[in-house]
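Trainee: This is what each chain is made of:
There are 2 protein chains.
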Amino acid sequence: MTLKENAQKGQITDWMEKAAQTERVSVNRLCEQIAAGEVIVPRNKNHALENPVAIGRGLRTKINANIGTSTDASDISIEVEKARIAVRAGADAIMDLSTGGNLAEIRRTIMQEVPAVIGTVPVYQAAIHAAKNKGGLIHMTDDDLFGVLEEQAEEGVDFFTVHCGVTLHSIERLKKEGRLTDIVSRGGSFLTTWMIANDRENPLYEQYDRLLDIAAAYDITLSLGDGLRPGSLADATDRAQIDELIILGELTEEAWKRGVQVMIEGPGHVPLNQIEMNITLQKRICHQAPFYVLGPLVTDVAPGYDHITSAIGGAIAASAGADFLCYVTPGEHLKLPDLHEVHQGVIASRIAAHAGDIAKGLPGAMEWDISMAKARKALDWDTQFRLAVDPDYARRIREENAPGSEQVCTMCGEYCAIQLVNEILKK
Amino acid sequence: MTLKENAQKGQITDWMEKAAQTERVSVNRLCEQIAAGEVIVPRNKNHALENPVAIGRGLRTKINANIGTSTDASDISIEVEKARIAVRAGADAIMDLSTGGNLAEIRRTIMQEVPAVIGTVPVYQAAIHAAKNKGGLIHMTDDDLFGVLEEQAEEGVDFFTVHCGVTLHSIERLKKEGRLTDIVSRGGSFLTTWMIANDRENPLYEQYDRLLDIAAAYDITLSLGDGLRPGSLADATDRAQIDELIILGELTEEAWKRGVQVMIEGPGHVPLNQIEMNITLQKRICHQAPFYVLGPLVTDVAPGYDHITSAIGGAIAASAGADFLCYVTPGEHLKLPDLHEVHQGVIASRIAAHAGDIAKGLPGAMEWDISMAKARKALDWDTQFRLAVDPDYARRIREENAPGSEQVCTMCGEYCAIQLVNEILKK
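So the protein sequences, as listed, match chains A and B. Be aware that the first sequence starts at 1, since it is given in my numbering, and climbs by one per residue. Be aware that the second sequence starts at 1, since it is given in my numbering, and climbs by one per residue.
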């Protein structure tokens, strides 16, 4: 039985117990939420995962970090180190999006070395295998694709991003729309290329039952990908995006009937004033399935700083109910991230998630800030560092800029407002 | 006559013409807005400022960069370089907040070397002079304070932050409130210390007419400071903050009667879900006077990353109608910023301001993103760099991470979604 089937029968498992403890929520309520599909706790039955990561309504907003090689940079040891850094910085899940080098070996090594919830986009491996061995990704067969899904399932991948909503019909919608940036999802572009070249429907849509068979057999969570997500603000929330969302809503219910856990992937590039609406719409169309957003980036013009553009969007999304934020690194749109940028991306996303959690009134979220505020007031620097989202970095900044007095910092030196007021209010 | 008096009489000046051209708005409308107080165009009549910076309703959100020495770091040449870097990165105004070294010399040098709208907090100089020469800032006299105001006015400072809303009554309110972090405004802490020690009312409040005399004589804009702004999320939007805001609203109308331009300073540390309300409240209480916010920071727990916490808050504030964002540098709460951090702070604020401008539908704002999206779609890297918020940095990232093919980037290498889709959709 899958976790969802257990939940649907009201059978509380150890995994649910552990997840409820981690989240400090009632296990009965959590079980109901898993049954209803509004919370997921991804774990492949073949994955010896120790720590549950529950994602969904009323829970702490979680963070995913994408790592992985490309054809321009394919060193396994660097990708393993990125995964380690991401987890150490506070990522709740890792997606291996490798497209360069020996994909199976990279994935297996990461899963072996780094204990974390792991996701992949299986169409990458199938398409790239066809590109390398058959002269083009358009020569990928259905069996190639489902073979890879089976292989990765067997290995213990916890969630699959599957772009099932890219259909011949939705591509027509996209063309009719007249987008600025058409398709920017890599999986979406692989499938679209394959579909147009072969004049065939998306196998992940057409043979969705075959996909569900695999997901149900291994208890894999489906992350229904947004292959048509907007790649620019101008394309945000257009008919093509919403058409795909509607398909994902339909597929969500199909998956639920088979006891398969589902989350929905969302944009992307979205103007600030459209973010809340996007979350509300997804929650309604997909019947409260957890929402996993990439960013969203609130402007297109800041390459080099897209951890900031996406932290802005991510915070608003989280406050409006997005459940899972995919980090974006500073150099998105320019390069594959290096180790430092992976760290930066995770920290920026954690800031966004936490700001959202405070805004939506998550029990306990404000306590962290209250503790920090008390440490600031007490000019207790050790506690400030311990509580900082990035303790080592905060401590290093201060050590490298030591003030004349241990009490204050170099910003105000001897004219520290807190120190002055502490003294005068004591009187 | 002051600019506002001219506007109140419907007399359009060259300065208004130039401001209207820069903002691409009708000069008649701008004149009406200046008359009504909802737009300001700060310039001291003694300042040979060339480029007007109009701040207020319906205009592009502007950015201020704080620079200045402290007792722990007081090298003039570094502060001049910070001002230059800030302006080059796109800051619309500079505040010199120096508290270490020869304050007058630092200010004069910055004004001489860097052509920008300049603001100061005159109480710093008066209080620090008393601390140095009279054995304590509590020995500052009214004439010391007004003497500094007169001196800085004469020199051409364009706007003064004056914490007129810190009154004996509002300090009582604050005490009754029972705050976590009491007072974190440096000017607010100086005045509070002085008032409690001397058991006297705030001279900037009590002798507000004397302040208005100076402001009117030199056409200085008053930035009514929020000396009681919250220093932590837990203190946000409390009775003390709102009590001060009410006083600032009253003082706004007094200033307007004297033809003095006014903006209102705002928080600070504010939970994401309270930001829009704070803007709406300020606009109502202060009769649409422009709102100048510091951040706001949406969490207290991210020292080292406060350019990000404040970019989140700033973007939401700008979208809700805040007119002027004061940048926050990464190391706020830990140190005085260095050159790199000044640059980072300005860029983060510009991202926030622009995201807000798009959200509030500022005419022309989206065009920038549309141009960038077109350049991305065309894989036209030179245009992408030219349009980037930080062109040099974007170009450098790409040059340091050169992909195998000139068309793409190292993120996807040969599996670039844009390139794939461009090819398949051409067919």
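Watch out, some of these pointers could steer you wrong.
No copy labels: a pair is met if it fits in one copy or bridges any two.
Derived DSSO-like pairs: lysine-lysine, alpha-carbon spacing no greater than 27 Å straight-line [unchecked claim]:
#, residue 1, residue 2
1, Lys360, Lys283
2, Lys132, Lys360
3, Lys175, Lys45
4, Lys377, Lys257
5, Lys360, Lys45
6, Lys9, Lys134
7, Lys176, Lys257
8, Lys132, Lys176
9, Lys257, Lys283
10, Lys257, Lys9
11, Lys9, Lys374
12, Lys18, Lys257
13, Lys132, Lys377
14, Lys374, Lys132
15, Lys134, Lys360
16, Lys18, Lys374
17, Lys18, Lys377
18, Lys176, Lys377
19, Lys176, Lys9
20, Lys9, Lys175
21, Lys360, Lys374
22, Lys426, Lys134
23, Lys374, Lys283
24, Lys426, Lys9
25, Lys175, Lys426
26, Lys132, Lys175
Since the hints were derived computationally from the structure, they do not count as laboratory data.
Trainee: Now look at each hint and say whether the structure bears it out.
Mentor: Hint-by-hint comparison with the structure:
1. For the homomeric pair lysine 360 and lysine 283, the shortest alpha-carbon distances inside one copy (15 Å) and between copies (25 Å) are both at most 27 Å.
2. For a Cα distance limit of 27 Å, the shortest separation of lysine 132 from lysine 360 qualifies neither inside one copy, at 48 Å, nor across copies, at 48 Å.
3. In the homo-oligomer, the alpha carbons of lysine 175 and lysine 45 never lie at most 27 Å apart, since the shortest distance is 41 Å inside one protomer and 57 Å across protomers.
4. For the identical chains of this complex, lysine 377 and lysine 257 are neighbours neither inside a copy (54 Å) nor across copies (40 Å), given an alpha-carbon limit of 27 Å.
5. In this assembly of identical chains, the alpha carbons of lysine 360 and lysine 45 never lie at most 27 Å apart, being 33 Å within a copy and 48 Å across copies at closest.
6. For the identical chains of this complex, lysine 9 and lysine 134 are neighbours neither inside a copy (46 Å) nor across copies (79 Å), given an alpha-carbon limit of 27 Å.
7. For the homomeric pair lysine 176 and lysine 257, neither the shortest alpha-carbon distance inside one copy (33 Å) nor that between copies (57 Å) is at most 27 Å.
8. In this assembly of identical chains, the alpha carbons of lysine 132 and lysine 176 never lie at most 27 Å apart, being 33 Å within a copy and 72 Å across copies at closest.
9. In this homomeric assembly, lysine 257 and lysine 283 come within 27 Å of each other (Cα to Cα) only inside a single copy, at 18 Å, whereas the closest approach across copies is 52 Å.
10. Only within a single protomer do lysine 257 and lysine 9 lie at most 27 Å apart by alpha-carbon distance; the minimum there is 13 Å, versus 72 Å between protomers.
11. Proximity of lysine 9 to lysine 374 under the C-alpha cut-off of 27 Å is found in neither arrangement, the shortest distances being 46 Å within a copy and 52 Å between copies.
12. Only within a single protomer do lysine 18 and lysine 257 lie at most 27 Å apart by alpha-carbon distance; the minimum there is 25 Å, versus 66 Å between protomers.
13. Taking CA atoms no more than 27 Å apart as the test, lysine 132 paired with lysine 377 passes between copies only; the shortest distance there is 26 Å, against 61 Å inside one copy.
14. Taking the closest pair of Cα atoms, lysine 374 and lysine 132 never come within 27 Å of each other, the shortest separation being 59 Å inside a single copy and 31 Å across copies.
15. For the identical chains of this complex, lysine 134 and lysine 360 are neighbours neither inside a copy (51 Å) nor across copies (51 Å), given an alpha-carbon limit of 27 Å.
16. When the C-alpha separation of lysine 18 and lysine 374 is checked against a cutoff of 27 Å, the pair qualifies neither within a copy, at 32 Å, nor between copies, at 49 Å.
17. In the homo-oligomer, the alpha carbons of lysine 18 and lysine 377 never lie at most 27 Å apart, since the shortest distance is 36 Å inside one protomer and 46 Å across protomers.
18. In the homo-oligomer, the alpha carbons of lysine 176 and lysine 377 lie at most 27 Å apart only across protomers (17 Å), although the nearest pairing inside one protomer, at 58 Å, exceeds that limit.
19. Taking the shortest alpha-carbon separations for lysine 176 and lysine 9, neither the intra-copy value of 45 Å nor the inter-copy value of 54 Å comes in at or below 27 Å.
20. Taking the shortest Cα distances, lysine 9 and lysine 175 never come within 27 Å of each other, neither inside one copy (44 Å) nor across copies (55 Å).
21. For the homomeric pair lysine 360 and lysine 374, the shortest alpha-carbon distance inside one copy (23 Å) is at most 27 Å, but the shortest distance between copies (36 Å) is not.
22. Proximity of lysine 426 to lysine 134 under the C-alpha cut-off of 27 Å is restricted to the inter-copy arrangement: shortest distance 23 Å between copies versus 78 Å within a copy.
23. For the identical chains of this complex, lysine 374 and lysine 283 are neighbours neither inside a copy (37 Å) nor across copies (31 Å), given an alpha-carbon limit of 27 Å.
24. Taking the shortest Cα distances, lysine 426 and lysine 9 never come within 27 Å of each other, neither inside one copy (61 Å) nor across copies (51 Å).
25. Only between protomers do lysine 175 and lysine 426 lie at most 27 Å apart by alpha-carbon distance; the minimum there is 11 Å, versus 69 Å within a single protomer.
26. In this homomeric assembly, lysine 132 and lysine 175 never come within 27 Å of each other (Cα to Cα): the closest approach is 29 Å inside a single copy and 71 Å across copies.
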